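S.K.: The chain contents come next:
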Amino acid sequence: MITVLETAPLNTVQDAGRPGYRNLGVGVSGVMDLPAFQAGNILLENQPDDACIELQTFPFLLRFDAPVSFAVTGIDADIELDGRLLLPWSAATAAAGQTLRIGLPRTGARGYICFAGGIDVPVILGSRSTQLRGGFGGLSGRFLEAGDTLCTGDGGASCTGYAALPASVALRNENDPASPSVVTLRFIPATDYLLFTEESRALFRSCEWKITPQSNRVGYRLSGDALRLETPVELRSYGIVPGIVQVPPAGQPIVQMADANTAGGYPRIATVIEADLWRLAQARIGSRIRFQECNYEESVAAMRPVGAWLDNLRLMVSRYRQSVFRRESVQTRGKK
Amino acid sequence: MTHSPERSAALSDRNARTVTDDAPVISMIGTRAMLFEAPGAFTMAHQRRIWALIDAAGQRSDVQELIPGVTNLMLVFSVPPEDPDQVSAWLRHAWETLPERHIEGRLFEIGVRYGGELGEDLHRVAEHAGMTPREVISIHHGNDYTVCAIGSAPGFGYLHGLDPRIATPRKSVPSLHMLAGTVTIGGMQAGISALTGPNGWNSIGFTEITLFDPLTESPALFAIGDRIRFRPERIEL
Numbered sequence: 378m379i380t381v382l383e384t385a386p387l388n389t390v391q392d393a394g395r396p397g398y399r400n401l402g403v404g405v406s407g408v409m410d411l412p413a414f415q416a417g418n419i420l421l422e423n424q425p426d427d428a429c430i431e432l433q434t435f436p437f438l439l440r441f442d443a444p445v446s447f448a449v450t451g452i453d454a455d456i457e458l459d460g461r462l463l464l465p466w467s468a469a470t471a472a473a474g475q476t477l478r479i480g481l482p483r484t485g486a487r488g489y490i491c492f493a494g495g496i497d498v499p500v501i502l503g504s505r506s507t508q509l510r511g512g513f514g515g516l517s518g519r520f521l522e523a524g525d526t527l528c529t530g531d532g533g534a535s536c537t538g539y540a541a542l543p544a545s546v547a548l549r550n551e552n553d554p555a556s557p558s559v560v561t562l563r564f565i566p567a568t569d570y571l572l573f574t575e576e577s578r579a580l581f582r583s584c585e586w587k588i589t590p591q592s593n594r595v596g597y598r599l600s601g602d603a604l605r606l607e608t609p610v611e612l613r614s615y616g617i618v619p620g621i622v623q624v625p626p627a628g629q630p631i632v633q634m635a636d637a638n639t640a641g642g643y644p645r646i647a648t649v650i651e652a653d654l655w656r657l658a659q660a661r662i663g664s665r666i667r668f669q670e671c672n673y674e675e676s677v678a679a680m681r682p683v684g685a686w687l688d689n690l691r692l693m694v695s696r697y698r699q700s701v702f703r704r705e706s707v708q709t710r711g712k713k
Numbered sequence: 003m004t005h006s007p008e009r010s011a012a013l014s015d016r017n018a019r020t021v022t023d024d025a026p027v028i029s030m031i032g033t034r035a036m037l038f039e040a041p042g043a044f045t046m047a048h049q050r051r052i053w054a055l056i057d058a059a060g061q062r063s064d065v066q067e068l069i070p071g072v073t074n075l076m077l078v079f080s081v082p083p084e085d086p087d088q089v090s091a092w093l094r095h096a097w098e099t100l101p102e103r104h105i106e107g108r109l110f111e112i113g114v115r116y117g118g119e120l121g122e123d124l125h126r127v128a129e130h131a132g133m134t135p136r137e138v139i140s141i142h143h144g145n146d147y148t149v150c151a152i153g154s155a156p157g158f159g160y161l162h163g164l165d166p167r168i169a170t171p172r173k174s175v176p177s178l179h180m181l182a183g184t185v186t187i188g189g190m191q192a193g194i195s196a197l198t199g200p201n202g203w204n205s206i207g208f209t210e211i212t213l214f215d216p217l218t219e220s221p222a223l224f225a226i227g228d229r230i231r232f233r234p235e236r237i238e239l
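Chains as they are written, first to last, in our numbering: chain A, 378 to 713; chain B, 3 to 239.
It is worth saying that the hints were derived from the structure and are not from the lab. This one's a predicted model, so the numbers in the text were calculated from it and none came from an experiment. Glycine included, every Cβ here is placed at the ideal spot set by N, Cα and C. It cannot be assumed that every hint is accurate.
Listed next, with one range per pair, are the computed distances between beta-carbon atoms [as the list claims (entries may be wrong)]:
1) A:ARG703 - B:ALA225: 55 to 65 Å
2) B:LEU100 - A:SER700: 33 to 43 Å
3) B:PHE44 - A:LEU542: 46 to 56 Å
4) B:ILE105 - A:PRO625: 28 to 38 Å
5) A:GLU670 - B:PHE44: 28 to 38 Å
Which bits of chain B does chain A cover? Going by a derived footprint, with three or more residues having C-beta under 8 Å, they are [claimed, not checked]:
6) 28-38
7) 65-73
8) 78-86
9) 90-102
10) 214-221
Stretch-level coverage of chain A by chain B, calculated; a stretch enters the list once three of its residues show a Cβ under 8 Å from a Cβ in chain B [as the list claims (entries may be wrong)]:
11) 400-407
12) 450-460
13) 562-568
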């Protein structure tokens, strides 16, 4: 069990999401940065869907009430176990009574605390993710608060002390411009792309869009030069998936994210490809993004490095742990 | 991947929407979703063909989720399709050949407290329609509505059947705290708000109703094809 000692709002329990209920109006939710979450669970040899805490506000402080292994991924920050600094993206084991403090990220916007065995909250509609709008899932459908306790699995004293190469290093986009403050997101033109003026389409691709403070798990609202339609259109409500870029009448695009409504009605200019959604999830308010067009094959191929990085990590973790367990069992026998 | 550059060129051409009256528009939304939009007006005949498409698409092994919209349908795939053009050709064929699907939905009779504080936009709707609030109310409950699709918020039903005389554009400044159960008009669509929160639709009344309960076996009260009949319980002008 763990106890939350200090937290600001916006931190929630999440897993890989709640697909399958969008036809009832229930959005997918789930972590914003899927690869970071997957890496965390792989580091602990968890099930792929074991739930974690998604951090969006810092600092965050918790106490371990029982020994458990854990990993913090997604961000680079001061991660302290009883004041001792830990590497980000590494597996560590806490003893009962120890505290974990996660400070402001140096890079990234969303941190993931994964625990061996995952967080045990009720599965509602197939997922442990917090559905904030519906007020269910996660811990009572709400943000975590100081004093909350959460049960973790019983993955106590397993071996730890190894780390993953952070996604920002392993999955660096070669097309990113020299300036590291601009994140490049690849997109596929969406349904209404050609309804925008040629100038607006060019602008969409060339502009450095600023991430406004009205950006959150529902969507990222961007600011830049206004995008215009050739002629206004009245659309009927249609389904939304994370990554879809809508343009409301004011001309400032919104990228829909994990907590998006399941339906919307604004014109759709583009969809950010799945392989790049985590980059947006880790881009901070105030930073800039650029959209780069790609085709279907490229966007499918773009998932391969993500899969390869995770496969590699899985293999590395399993080999490392096997060798440690073998060594330990040899030592144990030697003592007898 | 097996599909050729020519094929994918064809698909991105289709993403370049050509607006015609008789051909559906099919576009990829990223790599794992495809949106099918029916041509023509928002009629129940078109919506019934979308329902038929839901049935057929639900049989496909590559489909993870279906999101029905208003005369459109989004397919979410479990993995990116090998050949998106093949899927869109299948959709076109299904659209052209499937008969309308008639759903024998349930009839819900819903008592409404029209007007008052919880239906404060009644006067705005009346003004827009150029009639009295009482006339708006009698037109609103004068005919049955059909649930076309569930979406936006958990359990929210998009209703077909609003009399065009009382259709009213959404508000430019949304209400920040509209209660769940508010009876609303948004353009040509009618509804009952499912969650308390910001809402741009016009409120004309209120009903005590829970549209969604995640802990029950069928969490959404309404299903597509259900019919809604409003009945005035009280009128506050």
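S.K.: Just pull the numbers of the violated hints for me, sorted ascending.
M.R.: 2, 9, 12
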